[in-house]
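Participant: As you go down the protein sequences, you meet chains P and Z in turn. For the first sequence, our numbering assigns the number 1 to the initial residue and increments by one for each residue that follows. For the second sequence, our numbering assigns the number 1001 to the initial residue and increments by one for each residue that follows.
By construction, these hints were calculated from the structure, which means they are not laboratory data. This one's a predicted model, so the numbers in the text were calculated from it and none came from an experiment. Each residue gets a CB set at the ideal place from its N, CA and C atoms; glycine is no exception. Among the hints, a few may not be true.
As the list claims (entries may be wrong) - Coverage of chain P stretches by chain Z, computed from C-beta distances (three or more under 8 Å per stretch; other residues unrestricted): (1) 68-80; (2) 98-111.
Said to hold, decoys possible - Restricting the straight-line Cα-Cα distance to at most 25 Å, the calculated cross-link-like pairs of lysine to aspartate or glutamate (DMTMM-like) are: (3) 1300/Z x 131/P; (4) 68/P x 33/P; (5) 76/P x 1043/Z; (6) 114/P x 131/P; (7) 104/P x 79/P; (8) 1112/Z x 33/P; (9) 76/P x 125/P; (10) 133/P x 1198/Z; (11) 1300/Z x 31/P; (12) 1112/Z x 79/P; (13) 104/P x 1198/Z; (14) 135/P x 1198/Z; (15) 1112/Z x 97/P; (16) 68/P x 56/P; (17) 122/P x 154/P.
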Amino acid sequence: MAEVSYVKASRVFSGNPPVRAVDELSLEVADGEFLVLVGPSGSGKSTALRMLAGLEDIDEGAIHIGGKDVTNVPPKGRDIAMVFQSYALYPHMTVAENMGFALKLRGVPKPEIKAKVEEAAKMLDLQKYLERKPKALSGGQRQRVAMGRAIVREPSVFLMDEPLSNLDAKLRVETRANIAALQQRLGTTTIYVTHDQVEAMTMGHRVAVLKDGLLQQCDTPRALYDRPANAFVAGFIGSPAMNLKTVPITSEGAKLDGVIVPLSRDAIAAAGGLDEVTFGIRPEALGIVPSSEEGMDMTVELVEELGADALVHGAVKIGDSSQRFVVRVDGRTPPTLGQHVKVAVRDTTEIHLFHPESGERLEA
Amino acid sequence: MRRFLDRYWYAYAMVLPVVVVIAVLVLYPLAQGVFFTFTNINEGNIANPILDRPATYDVVGFKNYLNVLSGGESFGAFWGTLVRTLIWTFSCVFFHYTIGLGLAMLLNRQVKGRTLYRVLLILPWAVPGFISAFAWKYMFNAQYGIINQLLRSVGLPDPVWLGQSNWALVSVIIVNVWLGVPFMMVALLGGLQSIPGDLYEAAEVDGATPWQRFRHVTLPGLRSVSSTVVLLGIIWTFNMFPIIYLIAGPNPNARILVTYAFERFFSGASRDYAVASTYGVLILSVLLVFATIYRRALRKQGEVW
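Full structure from sequences and hints, please.
Facilitator: Laid out in structure tokens, this is it:
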């Protein structure tokens, strides 16, 4: 049980020019919190986790675990347990030996190791496999052994580096729920790295979005979705991604294909002086309206039917260029390919405006 | 049966050449060698087409085995030679493995000029065996050799390396270790590189010291490579003839089973083919027994082979 804090921690890989894989990361993780680090590949999320594990040097700044500065402490002294993407199970040891290895190294008496391993195995439904070697296990079982190895040690922090990316889609959803429930039950501070924003949204108490080694935003999943701090977060969180287009702005609102989308007075004030803004709207905030009503003309190019609803991809003319939009519609009556439809903003409160160059969120 | 041939004749036709070659080159000489062990064949009674002389040797049953296994001096002191062969084999393979592993671990790190070191360390392997053997023979020379000059200059005793003492055995072991390390190093380096790096990281997070990581990750990770190269090493060293013969010659203090079989076959007054063959069959049996025990021991450890 411990809180974790990154204090302007950086990891710089030598090279020409040097690569700042993690750049002055400052982050506070409360005791018992489940924090997810998410970002595209190369965003530095795994490096940030490995810095906390002690597997990467911390070139600048510091990291504290439980109030103690561990910047120069080797992994052994940090009281952490890590679940690797490849699971990194010792191939020559049985499941029980794998799980008890850390305790064995610590010199814990054998009966105690056995009891703890059995307890963890029970929690993860692994009792039947304790005498097997990792080779004889399925992917899901291996993943659970890797979890068990972390649990048995009763560390103050769990670190998980994309632990679900080697599982098939169905198992991933199932395991996702199991990990979240397990963390709830154990109450151990957990830092979880993933590139999958659905995993991030469903599991984390809070989600930290990274890009190019820089922290973009760290907030609850709801807040990330409703109030993304910049255009990158807006585009990264949510599936399908938010429609983000650079459009002209007037005193009445944003101009889209002849339609003026009215904006709140605050929003226009925040965009004061700008000719253009990055206009963001989620697919579910758009809707197809009867042709008699006002809206943008869209030519349907692709319809993805998901069952409950359908995603309509289409081209809309903005200015001189043709722009793609995604609209979420009712799954039972999707438009057909090539059809011309009218698309309108259903809810003007769900419009996000960003600075066209810096990408920062406009309006307070 | 007819249908079987109709259906599979092609497969049999394809393997036939290999079967013939193996039969002529391996099976026939092997059977002949085994047969010779039950005769008193030597240079004097073997068939000689040039002199137009028919074979006059007789079958003598197990007499050769009795002579050899009784350990008599005139039949090469079998048991003493066997013990020397085992000392030779195990000390060579032990040093090959430990030195090879040490060098492989050093080369497996990120060091400057790694490629250069690798080339230098493989050099003994690249030099033809007889050249290195003669080079070492000069270095071991008791009076003018560089080794004894060095020993003298630091005030240490300078033994007669290749004389009639156990130093001869020590000398050939040193040379063979020098020659055999590159192979072990390259094989073990390959093995080391196949161990996933995240196992070391997992062990580090689990709290393992460098020594514990070596014991619990490196050694088990190398097990399948090690078991193969150690078995190969033992078989090769057990039968390693050229190094001993080129350096120590027929020195009985460096004699192992194969070199004695060679001596019996090619030198001496009588060229006793029967006793030489008997030695050959005994060497084969020792190695067969050893390989069987070795494999069984590995299987017990759960190694699939």
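Participant: Please go over all the hints and tell whether each is borne out by the structure.
Facilitator: The hints, checked one at a time:
1. 68-80: Result for this restraint: holds, n = 4.
2. 98-111: holds (count 4)
3. 1300/Z x 131/P: Holds - the C-alpha atoms of residue 131/P and residue 1300/Z are around 16 Å apart, at most 25 Å.
4. 68/P x 33/P: Holds: residue 68/P and residue 33/P sit about 18 Å apart, inside 25 Å.
5. 76/P x 1043/Z: violated (73 Å)
6. 114/P x 131/P: holds (12 Å)
7. 104/P x 79/P: OK: residue 104/P and residue 79/P at ~15 Å, within 25 Å.
8. 1112/Z x 33/P: Given that 25 Å is the threshold and the Cα spacing comes to 44 Å, the pair is violated.
9. 76/P x 125/P: Status violated; Cα separation ~28 Å.
10. 133/P x 1198/Z: Measuring from Cα to Cα gives roughly 18 Å; hence the hint holds.
11. 1300/Z x 31/P: violated (48 Å)
12. 1112/Z x 79/P: violated (35 Å)
13. 104/P x 1198/Z: Holds, at roughly 20 Å.
14. 135/P x 1198/Z: holds (17 Å)
15. 1112/Z x 97/P: violated (38 Å)
16. 68/P x 56/P: Within the cut-off at roughly 18 Å; holds.
17. 122/P x 154/P: This hinted pair holds, its Cα atoms lying about 15 Å apart.
Hints 5, 8, 9, 11, 12, 15, counting from the list given before, are not met by this structure.
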